[in-house]
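For reference, the chains in residue letters:
2 protein chains.
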Amino acid sequence: MNNKQKDLTLYNAHFIDGLVKAGVESAVISPGSRSTPMALLLAEHPDIKVYVQIDERSAAFFALGLAKASGKPTALLCTSGTAAANYLPAVAEAKNARIPLIVLTSDRPHELREVGAPQSIDQNRLYGTHAKWFAEMALPDAEEHMLRYVRITAAKAVYIAKQSPAGPVHLNFPFREPLLPQYDGLFERLEIEDLPAIHLSEGMRMLPKQEIEVLAAIFKEKEKGLIVCGEQQSEGFEKAVVELAEKLGYPILADPLSGLRSGEAHSHLIIDSYDAFLRNEKIKQEASFDIVLRFGAMPVSKALTQFIGRHDAIVHCVVDSGGGWREPIGVATHMLAADESAFCQALSARLNEQRDRSSWLENWMHINQAAKTIMQSVGEHAELDEGKLFYEVLQRLPDHSALFVGNSMPIRDLDSFFFTDERRIRLLANRGANGIDGLVSSALGAAAVTSPLYLIVGDLSLFHDLNGLLAAKLNGINITVIVINNNGGGIFSYLPQAGEQKHFELLFGTPADLDFSHAAKLYGGDYERVTDLASLDNSMAKAAKGDGLLIIEAITDRAKNVVAHRELWEKVSQEMNKLTAGEGFWK
Amino acid sequence: MNNKQKDLTLYNAHFIDGLVKAGVESAVISPGSRSTPMALLLAEHPDIKVYVQIDERSAAFFALGLAKASGKPTALLCTSGTAAANYLPAVAEAKNARIPLIVLTSDRPHELREVGAPQSIDQNRLYGTHAKWFAEMALPDAEEHMLRYVRITAAKAVYIAKQSPAGPVHLNFPFREPLLPQYDGLFERLEIEDLPAIHLSEGMRMLPKQEIEVLAAIFKEKEKGLIVCGEQQSEGFEKAVVELAEKLGYPILADPLSGLRSGEAHSHLIIDSYDAFLRNEKIKQEASFDIVLRFGAMPVSKALTQFIGRHDAIVHCVVDSGGGWREPIGVATHMLAADESAFCQALSARLNEQRDRSSWLENWMHINQAAKTIMQSVGEHAELDEGKLFYEVLQRLPDHSALFVGNSMPIRDLDSFFFTDERRIRLLANRGANGIDGLVSSALGAAAVTSPLYLIVGDLSLFHDLNGLLAAKLNGINITVIVINNNGGGIFSYLPQAGEQKHFELLFGTPADLDFSHAAKLYGGDYERVTDLASLDNSMAKAAKGDGLLIIEAITDRAKNVVAHRELWEKVSQEMNKLTAGEGFWK
Numbered sequence: 094m095n096n097k098q099k100d101l102t103l104y105n106a107h108f109i110d111g112l113v114k115a116g117v118e119s120a121v122i123s124p125g126s127r128s129t130p131m132a133l134l135l136a137e138h139p140d141i142k143v144y145v146q147i148d149e150r151s152a153a154f155f156a157l158g159l160a161k162a163s164g165k166p167t168a169l170l171c172t173s174g175t176a177a178a179n180y181l182p183a184v185a186e187a188k189n190a191r192i193p194l195i196v197l198t199s200d201r202p203h204e205l206r207e208v209g210a211p212q213s214i215d216q217n218r219l220y221g222t223h224a225k226w227f228a229e230m231a232l233p234d235a236e237e238h239m240l241r242y243v244r245i246t247a248a249k250a251v252y253i254a255k256q257s258p259a260g261p262v263h264l265n266f267p268f269r270e271p272l273l274p275q276y277d278g279l280f281e282r283l284e285i286e287d288l289p290a291i292h293l294s295e296g297m298r299m300l301p302k303q304e305i306e307v308l309a310a311i312f313k314e315k316e317k318g319l320i321v322c323g324e325q326q327s328e329g330f331e332k333a334v335v336e337l338a339e340k341l342g343y344p345i346l347a348d349p350l351s352g353l354r355s356g357e358a359h360s361h362l363i364i365d366s367y368d369a370f371l372r373n374e375k376i377k378q379e380a381s382f383d384i385v386l387r388f389g390a391m392p393v394s395k396a397l398t399q400f401i402g403r404h405d406a407i408v409h410c411v412v413d414s415g416g417g418w419r420e421p422i423g424v425a426t427h428m429l430a431a432d433e434s435a436f437c438q439a440l441s442a443r444l445n446e447q448r449d450r451s452s453w454l455e456n457w458m459h460i461n462q463a464a465k466t467i468m469q470s471v472g473e474h475a476e477l478d479e480g481k482l483f484y485e486v487l488q489r490l491p492d493h494s495a496l497f498v499g500n501s502m503p504i505r506d507l508d509s510f511f512f513t514d515e516r517r518i519r520l521l522a523n524r525g526a527n528g529i530d531g532l533v534s535s536a537l538g539a540a541a542v543t544s545p546l547y548l549i550v551g552d553l554s555l556f557h558d559l560n561g562l563l564a565a566k567l568n569g570i571n572i573t574v575i576v577i578n579n580n581g582g583g584i585f586s587y588l589p590q591a592g593e594q595k596h597f598e599l600l601f602g603t604p605a606d607l608d609f610s611h612a613a614k615l616y617g618g619d620y621e622r623v624t625d626l627a628s629l630d631n632s633m634a635k636a637a638k639g640d641g642l643l644i645i646e647a648i649t650d651r652a653k654n655v656v657a658h659r660e661l662w663e664k665v666s667q668e669m670n671k672l673t674a675g676e677g678f679w680k
Numbered sequence: 094m095n096n097k098q099k100d101l102t103l104y105n106a107h108f109i110d111g112l113v114k115a116g117v118e119s120a121v122i123s124p125g126s127r128s129t130p131m132a133l134l135l136a137e138h139p140d141i142k143v144y145v146q147i148d149e150r151s152a153a154f155f156a157l158g159l160a161k162a163s164g165k166p167t168a169l170l171c172t173s174g175t176a177a178a179n180y181l182p183a184v185a186e187a188k189n190a191r192i193p194l195i196v197l198t199s200d201r202p203h204e205l206r207e208v209g210a211p212q213s214i215d216q217n218r219l220y221g222t223h224a225k226w227f228a229e230m231a232l233p234d235a236e237e238h239m240l241r242y243v244r245i246t247a248a249k250a251v252y253i254a255k256q257s258p259a260g261p262v263h264l265n266f267p268f269r270e271p272l273l274p275q276y277d278g279l280f281e282r283l284e285i286e287d288l289p290a291i292h293l294s295e296g297m298r299m300l301p302k303q304e305i306e307v308l309a310a311i312f313k314e315k316e317k318g319l320i321v322c323g324e325q326q327s328e329g330f331e332k333a334v335v336e337l338a339e340k341l342g343y344p345i346l347a348d349p350l351s352g353l354r355s356g357e358a359h360s361h362l363i364i365d366s367y368d369a370f371l372r373n374e375k376i377k378q379e380a381s382f383d384i385v386l387r388f389g390a391m392p393v394s395k396a397l398t399q400f401i402g403r404h405d406a407i408v409h410c411v412v413d414s415g416g417g418w419r420e421p422i423g424v425a426t427h428m429l430a431a432d433e434s435a436f437c438q439a440l441s442a443r444l445n446e447q448r449d450r451s452s453w454l455e456n457w458m459h460i461n462q463a464a465k466t467i468m469q470s471v472g473e474h475a476e477l478d479e480g481k482l483f484y485e486v487l488q489r490l491p492d493h494s495a496l497f498v499g500n501s502m503p504i505r506d507l508d509s510f511f512f513t514d515e516r517r518i519r520l521l522a523n524r525g526a527n528g529i530d531g532l533v534s535s536a537l538g539a540a541a542v543t544s545p546l547y548l549i550v551g552d553l554s555l556f557h558d559l560n561g562l563l564a565a566k567l568n569g570i571n572i573t574v575i576v577i578n579n580n581g582g583g584i585f586s587y588l589p590q591a592g593e594q595k596h597f598e599l600l601f602g603t604p605a606d607l608d609f610s611h612a613a614k615l616y617g618g619d620y621e622r623v624t625d626l627a628s629l630d631n632s633m634a635k636a637a638k639g640d641g642l643l644i645i646e647a648i649t650d651r652a653k654n655v656v657a658h659r660e661l662w663e664k665v666s667q668e669m670n671k672l673t674a675g676e677g678f679w680k
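Chains as they are written, first to last, in my numbering: chain A, 94 to 680; chain B, 94 to 680.
Hints are computed from structural coordinates only; laboratory data are not their basis.
If you're wondering where the values come from, they're calculated on a predicted model, not measured in any experiment.
Watch out, some of these pointers could steer you wrong.
All copies of an identical chain are treated as equivalent in the list; a pair is satisfied when it fits inside any one copy or across any two copies.
Under the rule of at most 30 Å between Cα atoms (straight-line distance), these lysine-lysine pairs were calculated in the DSS-like manner [stated by the list, open to error]:
hint, residue 1, residue 2
1, K377, K315
2, K249, K614
3, K97, K395
4, K97, K614
5, K566, K614
6, K99, K313
7, K114, K465
8, K465, K375
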């Protein structure tokens with residue numbers, strides 16, 4: 094090994110071992126030349142699993158899904174130039190969704206930058222405000238203090254990425270030719286088990302006792318309270334929030350991504366059909382509350398957001414362990430940067446007795462049950478429309494499975510048709526920026542660490558990240574992709590744009606006329622077309638075998654779909670009018 | 094029209110009309126909600142052609158290709174969030190390749206930013222240093238001075254984007270709901286033909302006479318000179334540089350993208366096989382020169398770059414109308430920010446007489462002819478290998494056609510096998526950052542304004558931008574995509590990485606096993622498999638009919654391909670040794 098090769102080899106090896114010691118278990122690599130030293134050493138390290146995806150945009154979303162499902166920081170590596178630019182959509186999503194990504198871009202050395210050299214763009218702070226941290230790395234150097242620097246930087250990158258709110262960090266590595274390290278058997282020779290590691294830990298944010306006491310006193314006084322839960326990652330939260338709700342006698346309006354609608358959290362306090370009944374004008378007007386306690390991201394339901402925004406509660410607390418300003422409604426009175434579980438426990442402890450069950454709580458449970466019954470009647474529809482399809486697929490998911498849902502319509506249908514359930518079904522989505530991009534890859538990344546995994550997406554989302562499917566084949570991952578193909582942008586039929594005849598199909602409907610059986614063939618997957626419950630049963634049985642990629646396609650109709658949904662909501666609304674008739678209901 | 098709708102409508106309408114008056118003829122739109130007012134008004138404006146592509150990454154490359162082929166600034170529009178982030182790869186390419194793009198992103202209004210509202214990321218300076226100019230636009234406002242502001246900003250955006258070096262500009266538009274403008278018939282009512290326009294013009298950069306005289310005196314003294322031409326956009330350059338070369342008696346080493354190898358420029362001074370014979374050690378050592386005059390981007394040939402870098406010429410001029418530092422070799426003595434054509438004309442005018450034909454020039458023409466003859470013998474290969482395929486396809490291109498080539502291997506094969514030709518074939522590629530991304534879309538964008546257009550790409554490039562194919566169907570564009578499918582990253586077989594058995598296929602070869610007949614079916618295209626000259630003839634005849642999308646796939650072998658190329662180069666090298674034997678050749 095000459096000196097240059099030694100510099101290249103040891104510098105990269107210690108960096109990678111530094112990542113591993115800091116808890117990185119997986120790396121997603123896209124092929125390229127400039128990234129060669131890092132790629133070969135990642136493939137060589139015994140304690141890191143390497144995944145390959147050729148399209149860097151998909152690769153980055155794959156890493157995001159993997160990090161999301163595993164809760165562990167995931168590394169990403171690409172070559173120089175526009176390759177690195179392709180990471181931006183996933184980096185932006187990771188920043189908003191708080192996913193720890195270690196983005197490693199290789200770059201030309203300084204003398205080849207901005208002088209017209211090939212495959213070279215300005216990679217300095219390439220992701221702008223969307224990376225939590227950026228560092229331009231030193232050139233490879235095997236001096237002892239430089240190996241220490243690069244190990245420390247690896248640990249620091251993980252430390253920053255994981256700290257609440259978690260997010261992506263970006264390290265840019267200049268590499269000078271020649272690019273080949275001497276990797277074979279290197280990590281054994283380095284005796285990596287004896288190499289030093291830095292212990293990384295982060296304390297939990299806890300509010301001072303006095304403040305909890307003040308809050309407890311307020312909560313004790315208020316009977317008409319609501320707990321609202323969105324997506325969050327605090328450990329033990331489900332149990333803690335249910336305990337708190339029981340003491341307070343408040344209903345929990347639980348977004349599907351809160352984790353509260355399924356599995357152990359299962360509680361009669363959980364309200365799962367609010368999106369349907371909060372569309373009712375009478376309820377919106379009359380169910381006025383005194384206090385709101387919000388955890389996690391804003392729920393997907395627009396009806397809920399509008400309902401909360403309509404009433405100025407005396408107290409409206411937003412609790413977020415990440416200290417983010419997750420408050421698009423503009424009504425918060427308390428912004429509390431505190432761990433969600435710890436907050437619930439501390440508050441519960443200050444509330445000595447459980448409140449007697451109030452009519453307030455009974456009302457919420459009552460109308461929720463009534464609305465739910467109507468929403469569940471979607472199963473009785475003669476036609477396998479989008480609502481029924483969603484409902485029936487959900488019925489057929491096995492215990493301990495994971496479901497990744499697309500944005501736009503699927504996440505809304507999940508909200509409508511996923512009711513509290515004892516099965517432990519992990520619900521995942523990309524709700525950082527709610528893009529229709531990268532969903533296939535995010536689901537596949539999740540499927541790499543949690544199985545079985547089902548993805549439900551619309552046709553435009555599947556198209557947008559069709560390249561993502563290649564990762565199933567390249568990395569031997571099992572996934573079932575259920576595509577609801579309504580030939581275009583279904584959500585626009587719900588928006589005011591739907592009223593515009595002129596230009597509507599050109600700009601919003603955008604029918605792409607895609608038959609995904611060809612996509613299945615292209616990516617070596619199986620394909621099933623679903624037209625009725627019998628074929629759905631067959632398809633889901635095939636999915637249960639979990640053998641590589643399976644695409645299940647159902648053809649639906651955008652126009653009929655809006656009508657069917659609106660009919661259900663209208664039924665719910667009429668039932669609500671009946672139930673809450675008279676002046677006594679909310680008293 | 095209420096006041097809000099009036100603000101939204103007139104503000105966007107005047108902006109769009111401002112773009113049109115400044116010379117924007119096309120806009121590429123991706124569907125979305127936030128961008129509704131701008132999208133509807135773009136579709137409504139009588140003088141702007143709207144193209145639709147659902148995938149924003151592909152949309153941006155489509156706009157880039159369209160702007161590249163038309164020479165006109167092209168607008169791009171998307172919704173908020175990661176949609177906008179998907180533009181970055183094309184924006185980075187446009188910056189490096191000097192393509193004028195008007196990037197319009199719609200955004201949430203200020204009160205919905207960074208508060209956890211959906212589909213919202215920080216779009217401020219989203220493209221960092223990769224946009225020439227960024228502006229955060231005012232909220233829609235129909236006050237007269239605000240309509241003037243928005244018209245002026247449209248003109249300014251085009252003015253900046255087009256100025257040499259051209260590039261992308263980014264305007265971020267906050268839109269508040271409701272988002273529907275009153276568009277139907279609006280532009281007639283506005284009587285846009287009478288609305289004011291700002292005349293935009295840019296002067297040419299000309300060196301002072303005295304400096305030209307000093308340079309002319311130097312050039313007169315030096316017999317052993319080289320003119321090197323890469324991709325450039327100066328009008329009339331081909332003619333001007335050939336005239337100058339004739340006066341100086343210098344060979345012109347012309348990159349295929351210089352435009353000099355085909356059509357009218359056709360001259361015996363043009364050297365087209367330097368990439369083959371400059372691999373010969375003897376020539377590299379002995380053909381030493383005194384002076385180099387370079388125009389445009391650095392040519393693709395690494396052999397040429399290394400050859401130039403080896404000799405310190407007394408004078409090494411880099412002429413660039415954009416004033417860029419296009420000098421990765423580190424040997425320039427003169428950096429001249431001047432229009433290429435004007436420079437050639439001015440210098441020619443100062444060189445009174447034409448130099449007698451020197452042995453220097455004769456030698457270059459002689460070895461070029463010898464090398465070319467050997468390279469052309471690829472046509473005699475029994476097997477339809479990559480070299481032969483490339484050569485045979487090129488033979489079959491019709492006059493006045495355009496050829497877009499992929500990066501990695503295709504651009505290098507173009508360099509090897511596209512010889513000076515009287516046919517006017519327009520050669521296009523994305524050489525700003527040389528990415529393998531966005532090539533299908535760039536070619537389709539070009540095909541929207543120049544026809545017939547052929548794209549030659551490798552399988553990984555076609556895979557990377559497979560989504561791009563949708564634009565052919567959505568916008569009714571004809572294109573022939575010729576995919577050389579060697580099942581993976583063919584270029585790595587030429588690099589030192591090829592020596593690494595371990596991890597090679599995983600990290601570099603990356604065989605994806607794609608059969609693109611399925612892609613053709615998915616996107617409603619025709620498909621032909623080429624295995625010999627007869628099937629190539631048939632396929633090219635089908636292509637000549639120009640009916641939508643046609644994919645022509647040829648299966649090749651990565652390993653054999655390297656061997657075949659190296660055999661050709663070795664033959665050339667041996668011939669060069671023979672030709673230049675003895676000490677007298679370069680005297």
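>> My question is about K249 and K614: at a cut-off of 30 Å on alpha-carbon distance, are they close within one copy, between copies, both, or neither?
In response: Neither: 44 Å inside a copy, 49 Å across copies.
> When no copy is named, should K377 and K315 be tagged within, between, both, or neither for a Cα gap of at most 30 Å?
Replying inline: Close inside one copy (19 Å), not across copies (88 Å); limit 30 Å.
>> Regarding K114 and K465, is the shortest C-alpha distance of 30 Å or less found within a copy, between copies, in both, or in neither?
In response: For K114 and K465, the Cα distance exceeds 30 Å both inside one copy (48 Å) and across copies (56 Å).
> When no copy is named, should K99 and K313 be tagged within, between, both, or neither for a Cα gap of at most 30 Å?
Replying inline: Neither, since 67 Å and 50 Å both go past 30 Å.
> For the identical chains here, do K566 and K614 meet the 30 Å Cα criterion within one copy, between copies, both, or neither?
Replying inline: both (12 Å within a copy, 20 Å between copies)
>> When Cα atoms must be at most 30 Å apart, do K97 and K614 count as within-copy, between-copy, both, or neither?
In response: Intra 46 Å, inter 50 Å, cutoff 30 Å: neither.
> At most 30 Å between C-alpha atoms: does K97 with K395 qualify within a copy, between copies, both, or neither?
Replying inline: This pair counts as between: shortest inter-copy Cα distance 23 Å, intra-copy 59 Å.
> Checking K465 and K375: alpha-carbon separation at most 30 Å within a copy, between copies, both or neither?
Replying inline: Within one copy only: 18 Å inside, 84 Å across.
The earlier numbered hints that this structure contradicts are 2, 4, 6 and 7.
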